Amino acid sequence: METQSHTKPVGDVIAKYPRARENLISILQEVQEEYGYLSRESINHISEYLGLPSSKIFGVATFYNQFRMNAPGRIQIAMCRGTACHVKGSLNLLDTCRQLLGIEVGQTTKDGLFSLETVACLGCCSIAPAMMVNGKFFGRLDKKRVEYLIDTWKATGRVEE
Amino acid sequence: MSRVFIGMGTCGLATGAGEVRTAVDKWAAAHGTTIDITATGCIGYCKAEPIMDVVTDSGHRVSYSNVTPEVAGFILDEVLLRKNYKLDGLLGQFKNGKAALPGIPLIEEHPYFRKQVKYVLRNCGIIDPESIGDYRAHGGFAGLERALGMTPQEVVQEVIRSGLRGRGGGGFTTGKKWEFAQKSPGEKKYVICNADEGDPGAFMDRSILEGDTYAVLEGMMIAGYAIGADEGIIYCRAEYPLAIERINKAIAVMKAEGLLEKKGKNGFSFKLRVKKGAGAFVCGEETALMASVEGRRGMPRPRPPYPAVAGLFQKPTIVNNVETMANASHILREGADSFASMGTQNSKGTKVFALTGKIANAGLVEVPMGITLREIVYDIGGGIPGGKAFKAVQIGGPSGGCIPEEHLDIKIDYESLKTVGAMMGSGGLVVMDEDTCMVDMARYFTAFITSESCGKCIPCREGTQRLYEILDSIVSPYTKMPDEEANLLRFNRVLNMETLAQVIKDTSLCGLGQSAPNPVLSTLRFFRKEYEAHIYDRKCPAHQCKGLLTYSIDTNACNGCTLCAKKCPTAAIVGERKKAHYIVDEKCIRCGTCRDVCRQGAVSVA
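For the protein sequence lines, the chains are Z and A, in the order given.
Take the first sequence: its position 81, counting from 1, is numbered 81 in the working numbering, and each next residue is one higher.
Take the second sequence: its position 350, counting from 1, is numbered 350 in the working numbering, and each next residue is one higher.
FYI, nobody ran anything at the bench for these hints, they're computed from the structure.
What you are looking at is a predicted structure, and each value in this text was computed from that prediction instead of being measured.
Incorrect hints may have been included.
Claimed, not checked - Below, a list of computed lysine-lysine pairs in the PhoX-like style, where the Cα atoms sit at most 25 Å apart: (1) Z:Lys8 x A:Lys276; (2) A:Lys255 x A:Lys265; (3) A:Lys566 x Z:Lys144; (4) A:Lys255 x Z:Lys16; (5) A:Lys418 x Z:Lys16; (6) Z:Lys143 x A:Lys546; (7) A:Lys26 x Z:Lys136; (8) A:Lys315 x A:Lys262; (9) A:Lys26 x A:Lys118; (10) A:Lys176 x A:Lys418; (11) Z:Lys144 x A:Lys546; (12) Z:Lys136 x A:Lys249; (13) A:Lys388 x A:Lys539; (14) Z:Lys56 x A:Lys456; (15) Z:Lys154 x A:Lys566.
Just chain Z, same shape as in the assembly (with noise of 0.2 Å):
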């Protein structure tokens, strides 16, 4: 399971890298690595750190689709939108999800289990519909097997290996 304690302090975080504004995007994406998303502390260690505006690291963070601001859920579901996925019916499969999670895009569920995304293209639709979770690519899916994927992370509560 994905560990969401604060294991390593900001500051350790992003040390290795040379305060130069070049490299902020880097940074948000090692501390998004590690905490799961930016949150408003850490954006303003960031802003400490480059001697930059925290609402100039915002603006940045918001301007890019890989950024996140609240905690995702445990197991993170990445339904891909790409146009290949789109003719092969990712819609229908993203409305699978949502009905049986119970949220919208961009939420997550109450218990903090899974969370639900979109994704541009995950560059492989040649399997399509596919899907990302947690990492993972799941590729020439249908409704049941959705369902069925979903049921089994309910109940085992990860994605299996």
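With chain Z fixed as given, assemble chain A onto it according to the hints.
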């Protein structure tokens, strides 16, 4: 020791190549032998993944498709123990200089590969992408070697002579770009490889990076030498973790071997690093990409000054796509002539297309420029599965257009595609059949563009949003409109949609905005009837636009099993057991569940 190759690109892994590998290891352990497993990239025939090649005792490499962990053991039994090669899923044998195995077809004779010309993809799925030795054994770094024996001017001339044009979309002559950067004065220059493959529906760059990592890096070094740069940056999207891992490994190996960060021939020294993108389609535009590398919001700026004059950190910079870089390394190795001998008058060489959608053989195909779309869709792609009718092929992603049946015979090159309102783009080819709604496709792409527009210029930021609203109103039911005036307004906007699209095209700042209305304009041009059906009849002929569908139950066919009523998520189906059921239209959300579950086929949609 026996040798096995397994295609372990992202698509292979997603279909179970990892489990196949474990099964091969287990088989070896059970038989008290060791098997040397080479993880290759993707050979492009993604439909057949996972693919496993076994090297026979006679040294022939035979390829099998759709290998599951159970089948893997069986194949090893047959091939290695019983010497029986004719098995289910046999793709063919590779040429290896020796006499071919009798009775086993050559893999290049396979219908999927017969019309393909592997130039830039030559090593993908063949070599171990993590082994620099394997790359060298297949001619790797010979191009760099040759380039370093020439003057930078000669290298640029060689690339110009090859006729190579940018494979990322624009199609600008690569050599000319290099020449501008070379002539720009400056001590410090940069080479950027654009691996931010944002086009939904395209994955050739991922495949090349995963399957032939060193070729891209070699191309960057050649570019660096040609323009006088000492630093290269690969801007790769974060969604490609495997590609990033392999590039980092390759850079480390090249450093250890003294290829990087060390003065070599002609005093040329080069350093390379990866910059992970953070997910923004607009960063495929070169000035936006550079802003992103500098740690800012990825917004384009007006050109000139061009990046070749003032690019990254205001230094002369060239930005080339992954496929372009890989091509450059092969061109330098084999000379400009062999590249220029392929293709058409103005578009030389080959192009890789990602063939996906409603097609029998989805995958990556590399074909010479000038081939027809029909050959790609039918001869290589195997046509439309399930006996459905072909409707269109969408080329070039959100900036491209939809090409209908009547234009399938055009010869593909940069110019010919523009005449039918599409563009090469990065080479996504999404095939659509009769079940695809073209208005829905236009709406889909416009929705994508509205969320990816950076917001800098008004035509793109506001225009695409309005365009999306119009398209959305076309596919939405009337009930959404509160009063008569809103309805009139809506109709007025529909009438002006084409004008709006043209204005966005003419006045946007960057390529993203200028090409954003292409999907709308091209579908309007070729599929106006579908728009009219949506607007006048309020019907979606392909039954895709949920807002215009009506579900109903045939009271004669319904036997009252109550299954649909139980499964309906909004309790919109009423009826007594063993009697015909009815759908309450106001409650129905058009999810289609009732139609899926009905065993009598009594639910129809119109």
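Hint-by-hint comparison with the structure:
Using a Cα cut-off of 25 Å, the hinted pair Lys8 (chain Z) and Lys276 (chain A) holds, with the two alpha carbons roughly 22 Å apart. Restraint check for Lys255 (chain A) and Lys265 (chain A): satisfied, since their Cα atoms lie roughly 16 Å apart, inside the 25 Å limit. For the given pair, Lys566 (chain A) sits about 17 Å from Lys144 (chain Z) by alpha-carbon distance, which is consistent with the 25 Å threshold. In summary, the hint linking Lys255 (chain A) to Lys16 (chain Z) is supported, as the alpha carbons are separated by about 21 Å, within the 25 Å threshold.
For the hint linking Lys418 (chain A) to Lys16 (chain Z), the alpha-carbon distance of about 48 Å lies beyond 25 Å, and the restraint is violated. About 17 Å separates the Cα atoms of Lys143 (chain Z) and Lys546 (chain A), which keeps this hinted pair within 25 Å; it holds. About 23 Å separates the Cα atoms of Lys26 (chain A) and Lys136 (chain Z), which keeps this hinted pair within 25 Å; it holds. Between Lys315 (chain A) and Lys262 (chain A), the direct Cα distance comes to roughly 22 Å. Compliance with the 25 Å bound is thereby established for this hinted pair.
Restraint check: the Cα-Cα separation between Lys26 (chain A) and Lys118 (chain A) comes to about 34 Å, which exceeds 25 Å; the hinted pair is violated. Distance restraint check for Lys176 (chain A) and Lys418 (chain A): the Cα-Cα separation of roughly 22 Å lies within the 25 Å cut-off, and the hinted pair is therefore satisfied. Pair hint Lys144 (chain Z) plus Lys546 (chain A) holds up; C-alpha atoms about 21 Å apart against a cutoff of 25 Å. A threshold of 25 Å between alpha carbons decides the hint, and for Lys136 (chain Z) with Lys249 (chain A) the separation of about 21 Å falls inside it, so the pair holds.
Restraint check for Lys388 (chain A) and Lys539 (chain A): the C-alpha separation of about 21 Å stays at or below 25 Å, so the hint holds. As the CA atoms of Lys56 (chain Z) and Lys456 (chain A) are separated by approximately 16 Å, the hinted pair is consistent with the 25 Å bound. Distance check on the hinted pair: Lys154 (chain Z) and Lys566 (chain A) sit about 22 Å apart at the alpha-carbon level, within 25 Å; holds.
Violated hints, in rising order: 5 and 9; the structure is consistent with all others.
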